[in-house]
Amino acid sequence: MLHRESGVFKTSYAADMALYPLPIARWSIAIIFLMFAVVLPLALDEYYLSIINLVLIAVVGALGLNILVGYTGQISVGHAAFMSVGAYTAANLAVKLGLPFWVTLPAGGLMAALIGAIVGIPSLRIKGLYLAIATLAGQLIIEWIINHTPAISGGAQASIEVPRPELWGHQMRTQGQLYFFLLFFAALATLAAMNIVRSRIGRAFVAIRDQDIAAEIIGINIYRYKLLSFAISSFYAGVCGVLYTYYLGIANYEQFQIGVSIDYLAMIIIGGLGSILGSIFGAIFVTMLPIVLRLLMEPILSMFYNAGEMSAVISSVRLVLFGGLIIFFLVIEPEGLNRLWRNIRNYFRVWPFSY
Amino acid sequence: MTRKRHWLGASCLIGGLALAAATAGAQDKELVFGLQCDRTGATQTVGVFLCPGYHDYINLLNSKGGIEGYKIRVMEIDHEYKVPPAMEAHERFKKEGAVLEGIYGTPQTAALTKKLEEDKILGTSPGFGTAAAADGRRYPYVFPLAASYWSQGAAAVAFAKKELGGSLNGKKIAYLFYDNPAGKEPLAVLEDLAKAEGFELRTFAVPAPGVEMGAQILDISGRFKPDFVITHLFGRSPSVSIKELKGKGYPLSKVVSLVWGASEADIKAAGGYEVANGYHTLQFAGVGTDFQVIKDINAMYQAQGKPIPKEQEISVFYNRGLVIAALHAEAARNAIKAKGGAKPSSEDVKKGMEAIKGFTLGGMVPPMEVTPEDHEGGGWVQVWSVKGGKLVKDGDWFQAYRDVIKKHLAATN
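For the protein sequence lines, the chains are E and Y, in the order given. Each position in the first sequence, counted from 1, maps to that position plus 10 in the working numbering. Each position in the second sequence, counted from 1, maps to that position plus 15 in the working numbering.
Since the hints were derived computationally from the structure, they do not count as laboratory data. Keep in mind it's a predicted model, so treat the numbers as computed, not measured. You may find that some hints are simply not true.
[Stated by the list, open to error] Derived DSS-like pairs: lysine-lysine, alpha-carbon spacing no greater than 27 Å straight-line: (1) Y:Lys408 x E:Lys106; (2) Y:Lys177 x Y:Lys258; (3) Y:Lys354 x Y:Lys408; (4) Y:Lys177 x Y:Lys354; (5) Y:Lys187 x Y:Lys263; (6) E:Lys106 x Y:Lys79.
Same shape as in the complex, but just chain Y (with noise of 0.2 Å):
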């Protein structure tokens, strides 16, 4: 039993102890970023590959001596996809006086957006969240920044009416989904375009945790015989989409999937670039290592004798990271100049993310601008198709139907 007193004495200290240590205070030439993570959880395929792109960009700045003088410090939380820690996360990054946040998740944008305009930090929630979230006066301290599901809906729409001859009069549209709130968001605005366009649309829904659809693939490849598909899928879903609609002999060609099912990472998990071959993938961030800024980060880990980071291999979701890093490290640079050089605050650092503007990092972040009102930056997207045994780009940066998504965003204030 004394071992046992012994046991709980042992562990008050050392909680003590570590409580002491982490509230050690900050440094004057520095700026804190809050970074939430998912490395173990639900969503960890990405957040493995994402959160590295992340440090290894600030480590590149911090090493040319930091952002107009100032340190960057990075605050990594990983919540797990839970959103109990990512309010703990929240409430961490406030403590350590960070100018700002990126938010991992759809469920943890949600629970955060009312604390962060109440703390008056900035969120950054690319790929994530509503896409209502792109009204920067509806949600004033939200910033997707990335393309919204409505813009990729839409941007798959014209992508579709591309490949197809320009026009899409009298075509078949099949838009296969993960049925839950994200895979569903689309839809109001493909609806639209349907009439607008005069094309049919089916939607085709895969319930949680998406790994079972032949019937609904099925359905697609042999009764409503579309003259192309959309998909939106999430986690392990998207490889199987690749290998049923190749078994089921579609042509995977004819297939354009949103953001979160166009990783590497999928087309391997399908079985390689071979049976994947045609596939087409929206991006928000450009991909391969082909970049000036990665080829500065390896020079720089080379320099200091370490190895070049083994996450590149899945550069779709490791350039997210970089490019969120950029972005965060752009809205503090704006704001720094701004304040002539002294130290900005969170709420001089919103202002700076909304005057960014003609920032593209060598064509690896979309040319974006970011206004008070528009928290999107346009809704930039990028096709790259599997080709010849990798990821290539087709065509350069676009938008598509802003007056569509306009008039939607309109509609929810």
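Chain E extracted, bound-state conformation (with noise of 0.2 Å):
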């Protein structure tokens, strides 16, 4: 946040360890609430609040993900593969024992946490590019097996339609309803998140990635905790499935293929490795990039073109812009988003004084 610390003295630990350190910052948490409880609701459309539930729910998985691959430096490229665990278990068992949301959203995390520690074993002995081949398999062997056993996948389409979340009698089914839903998980995960990384497993984590030897010989025992990230990275993933299934309404493998998994290591790599705010920056850039860049082309492009022409150049010019800009942003900045965040903040901190 843009705060100044002066004249802010700190007189103990916990003071110093807390979340949000200064009284100020406090506002500002309360007026980002207010913003997105509120206004956000109040002022946008369906339309601009769906992209919203878009990119909280990439939020809750790019979370996941940076806690495994940026805060512990254990490559995965099965992300997709526990997003779509989760979202069977969820599916299935609202489905065939008619549970409630609050049941199956968990359940779906701690299937996909399970499955996540099974397949991040290999981590225990196997490093880098080699760890992400291994994930890949992992990937790999969770979509054939939901594909080739109908008992998780529901038959030949592999699709389970799941009924809407339902809070006290009450359907959540429109985007406006569905965004306190995914809302509500989203903030919930993120203030997790926080707390995971500042607590003994985050540093615990934090030793592993930049040293691990030097960790094991510190008394952190290394193989528990890379299970336990993986395990909650995994959490996450399944939870995101979740969130994912229930506000599309149906659980379907292929829409947990490994192009999902990049997708979200894009995000986080180009939101900042290790970063819980990074995550956030990155699911916005990269859900909602691709729309704002066909929004601002349309006005522009419908000048010249007909309907059908403007369609081709849009889709052609939005992904080279895409790529571009995430060129340009890892160039300016290659810690990420958040490091660029940081920059600008550090630089108003202290302004009009650069020093």
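Work from the hints to combine the two standalone chains into their complex.
So this is what it looks like as structure tokens:
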């Protein structure tokens, strides 16, 4: 946040470790909360809320992947498969047993965590690119199992239609209602992630990322913490998959294929590895940039082209611009959007004095 | 550092302007059609031909004054074959007041099924989605319109029966399919027909991405030695199957492909018409450019001083785009007529779609009859075969084993 800490003195460790160490930060948080909970849903129509909903789902998934890749340094390209585990677990529980979302959602997350920890076992022996290939195998195996097990996938189409989430007898079906549903869990996920990474667990993750042998020597059980990282990350992925399932009203394994894993990796790399805010920035960037680019181009190009020609031009130009912007942002700040934001913030912290 | 600030400020400003421009209102005598497309994603080889076909037909209608006095505005969104952008596209169409939308892709169709019903906007999914969507009572706002994979599988068996002299008893049929839900879907119908017709069915799955099928083809040509092969492949794999079958010496005149392995592009990628000679394909739209509507489109562009659309080169996909556009327009026409010229709502257009009957566009569109119960329109297909360097029509529109299809539809309820 754009706060200046001059004049604030901390007298206890608790104060120093608080999530928001400055009094003014609480005000900012309150304002952001009001913004999301009251102003946005009132000010925006369904269309814009639907875009925010997609971002909120992506935030949960990106946070999970960042805990694993950014904080613990274990590469995974199987994130989408863990989402599908969560999605199908929740869908089966919701349809076969008629359970409500507040049971299926954690259940989907836990099942994904279990499978994630199993897929993460190779991380105990291998690192880097080798681990990437091992998790790729996990992605393909999970896809194959879902595709070939009617008991999980619900038949040849591998689709299970789930009812809308229901709370106190009230169904959430419009984008506005789903917005609150998703916002709650995205906020919860963010808060949890912020607390995980500043706890003993989070510090152990960072130690493993920076130098695993050193981490082991100072007494961190790296087997336990690597698997825990996979489990937590997959739990997030599972919850993301469940949210997605409830948002769309269907679990379908084709929505969780390898390309989605790559998209999430792109989010955290663009946003910033090893940062909570970076995950959010990345999710916003990857989800919204193609949409914003199109909205920008439409009014300009419609002056020159008819609908058919315009569509062809927009599709191609958008792809080029999207790729170009990713390169642009990564070149001006290789550590991602989060670092860019911190640079800007640090500049204003001492403004107008540049020292 | 100040440069960065300018960048931020400028981008916020442009963003705000664009949002303002995007919310400009619609006109009175105008209908909005939403069209989802994939021009840059995994299935772009289809989209870059199909979507221009759609636009060309609508342009033709608009140049003639629109539908019953209403101009059509097509709002196309390229979702790159991803699901979240498809959801965004639907919400955008809804915001723009679209009376219907064309969905593109099976996962996208699945993802939107519920939302379409809640928002009461019909979505068409020709060649995509689940076969069960043919049941209009269960999926009131999804219209497959083209023959489902069940109908295609049944039609392929009927075609094999005809080619093999009228009886399949004791014959052997191989089913070579892409190992995904869409590939597996016809299995249930094929197994049923194997029992009813007394032929032996063996299935050969090709794992994604479907470019490696040497073992399966060797198994078919060397060991199983079937009397007929039905293939159901996507993307690059149909061309590989043609090449491999040819290479292993299996006669292509005993191979029939379902609709996504059936384009000129597949034949060219397999090595050309010489190599693929004899290959049979199922189609849900007419093939080639020898149709009045295409001549009209070309005449319109020539009169405007524009070149003839080069997308007509792959007429299988281009014509499918035309057919989808034509059916959309026909539904809107029915709706406007039913309202006595007043502007129809999306609900009216749905009723209009359910009233489509006897609309053939000079043989381009099958003689389908869409009803509130049957959103598939009867499951009509045509066989086109590679002969003498081009795709040649092999018989008229036909439908097959409707009783079996109906039994399966009833069973999913």
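Now for the hints, and whether the structure bears them out:
{"no.": "1", "hint": "Y:Lys408 x E:Lys106", "verdict": "violated, 48 Å"}
{"no.": "2", "hint": "Y:Lys177 x Y:Lys258", "verdict": "holds, 25 Å"}
{"no.": "3", "hint": "Y:Lys354 x Y:Lys408", "verdict": "violated, 39 Å"}
{"no.": "4", "hint": "Y:Lys177 x Y:Lys354", "verdict": "violated, 46 Å"}
{"no.": "5", "hint": "Y:Lys187 x Y:Lys263", "verdict": "holds, 18 Å"}
{"no.": "6", "hint": "E:Lys106 x Y:Lys79", "verdict": "violated, 54 Å"}
Figure legend: structure checked against the earlier numbered hints; hints not met, in rising order: 1, 3, 4 and 6.
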